[in-house]
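**Q** Given the sequences, and given the hints that come with them, work out the whole structure.
Below, each chain spelled out in residue letters.
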Amino acid sequence: MSRQRPGPGPGARQAPVRLGAGSGFAGDRVDPAVDLAERGELDYLVFECLGERTVAAGHARRLRDAAAGYDPMLEERLRAVLPACRAHGTTVVTNAGAANPEAAGELARQVAADLGLAGLRVAVVTGDDVLAQVRAADPLVWETGQPVSAGDPPVSASAYLGADAIVAALDQGADLVITGRVADPSLYVGPLRHEFGWAADDYDLLGRATLTGHLLECAGQLTGGYFADPVTKPVPRLAWLGFPFADVTADGDATFGKLAGSGGRLDVRTCGEQLLYEVDDPSAYLTPDVVADFSGVTFSQLGADQVRAAGATGRSRPRELKVTLGYQGGWVGEGQISYAGPRCLPRARLAADVVTERLAALHGIGPGQVDVELIGAGAAFRGLAAAGDPREVRLRVAARVATEERAQAVGREVEALYTNGPAGGGGARGAVAAQLAVRSCLLPRELVTARVVMREAACG
Amino acid sequence: MRVDDLADARAGDKGGTLILAVLPRDARHWPHLREHLTAELVGRHFGPAVAGPVTRHEVPGLPALVFRLPGVLGGGVTGSTALDGHGKTLSYHLLTLELPGDAVSGTAPGREPEPA
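First to last, the protein sequences are chains Z and V.
Per this note's numbering, residue 1 is the first one in the first sequence, and the count goes up by one each step.
Per this note's numbering, residue 1 is the first one in the second sequence, and the count goes up by one each step.
Honestly, the hints are just simulated from the structure, not real lab data.
Mixed in with the good hints there might be a few duds.
[Stated by the list, open to error] Cut-off 25 Å, straight-line C-alpha distance, at most; resulting in silico cross-link-like pairs (DSS-like, lysine-lysine):
no., chain 1, residue 1, chain 2, residue 2
1, Z, Lys233, V, Lys88
2, V, Lys14, Z, Lys322
3, V, Lys88, V, Lys14
Since the model is a prediction, treat every value here as computed from it, not as a measurement.
**A** Here you go:
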């Protein structure tokens, strides 16, 4: 069964559009998206796969390998959902192109050809890589208050693009749109603007569309994920959490649902929490498309797992675009070891003292660089709550240093506690990882040009 | 009476800034939270970790309160070496805050309210 495509062109549509949330972050589950693709009768399936760090990490991978830099799970996701999406006429939109949308588009065409989906139209959106513009314009870095040129040179600069290029790609008939850094809600705003022909400056409509995108962009967080508490907020069949979809009308009203038989819950409480997630001022939610105002939003429960959202508005979009700057951030080395039973907390503290003293004396890693956490004794609350008398404690020592070799010393000093440290230390582990630091700046919108390139998948 | 007796909370991060949303489990508790759960009280609960003015926004249509706590997350998820760089666990620290004022009727700690 295939859903009807819009008639003579973009903007002709009157029937509601169904948007499904395929992922809420780079490492998200694949099976809920497959369920939506197969049973959801979707018009669009959207995979949001980027955070600030994911984009910068993609650029770091691309520096080492020119063919890399896109989301490592892209192939798995596409193989899993493209056959069903093709069968049901569902268009896929994703920012999984990350730091290399062109290579991601190439991969997508290969996957489509392998799957026998010749003719699948793959649109690649570029223009978010603004390193050259940032070097030329030299804007102020938020975190330092200094121009970009005053600090270490960034290895990447990714502008948050809005929905414009997605609308252009869909207007050209794309079946799959792959972008780099596009703002999360804009991935949902694009299809709505395309389907209903909304103007790019109809800010109340864009405010409503941005509300829909914001509620869907974290996928399972709308249906009981990051919400469940077995006492205060029980969620049925959490292991089989269904991802949400929204039915959006031509005037931007949205009703949210999830598939019958999937786990989770969708109600005014899950929606209320997600509305405010990472929103510091509900009256000014800034995206490249609009300054949305969520302060008057209300939710109403229409039925089981069915919620209507209303009350969002919008104002003129910002003149400048936010840019994420990626920097080499050195290395982080860490080590962990557990202590349990009587005096476990003093033994863990003794262990921390031993490691800290030796890191300073032998490895040039001063106490100011070392982060000591006593997991199980208040570490998560950053020392704000009393440690109490825990039954077991896991010591974690971490330090950010300049070289990989020095980072390895942290884990080794913790592991050496096995034979040289306090009694009863067990389960020691060490790890080393290259780090990226991320900062932000603004760039005038006119310096950023998004482009769309469309190519079809060949015969397999 | 703790916030946990009346409300849910969700944590989000923006760089080094912690954002906490507080939603009463029952709309009857909204006036009490609105009156007593001030930006100043929340700022004190997070103590020396806060590096700037704590702000509070009201969202009466839900209803809910949103707090913005600058500096609590240090360098944030990319700059801090803390295990939970996002500060996702910190919503439950807010739930431990003792609220001033008389106990509100109709509450039981941790109770799931009746469906609407």
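**Q** Compare the structure with each hint and give your call.
**A** Each hint tested on the structure:
For a cut-off of 25 Å, the pair hint linking Lys233 of chain Z to Lys88 of chain V stands: about 17 Å separates their Cα positions. Of the supplied pair hints, the one linking Lys14 of chain V and Lys322 of chain Z holds, its CA atoms being roughly 13 Å apart against a limit of 25 Å. A C-alpha spacing of about 12 Å is found between Lys88 of chain V and Lys14 of chain V, which places the hinted pair at or below 25 Å, so the restraint holds.
In the structure shown, no violation is registered for any of the earlier numbered hints.
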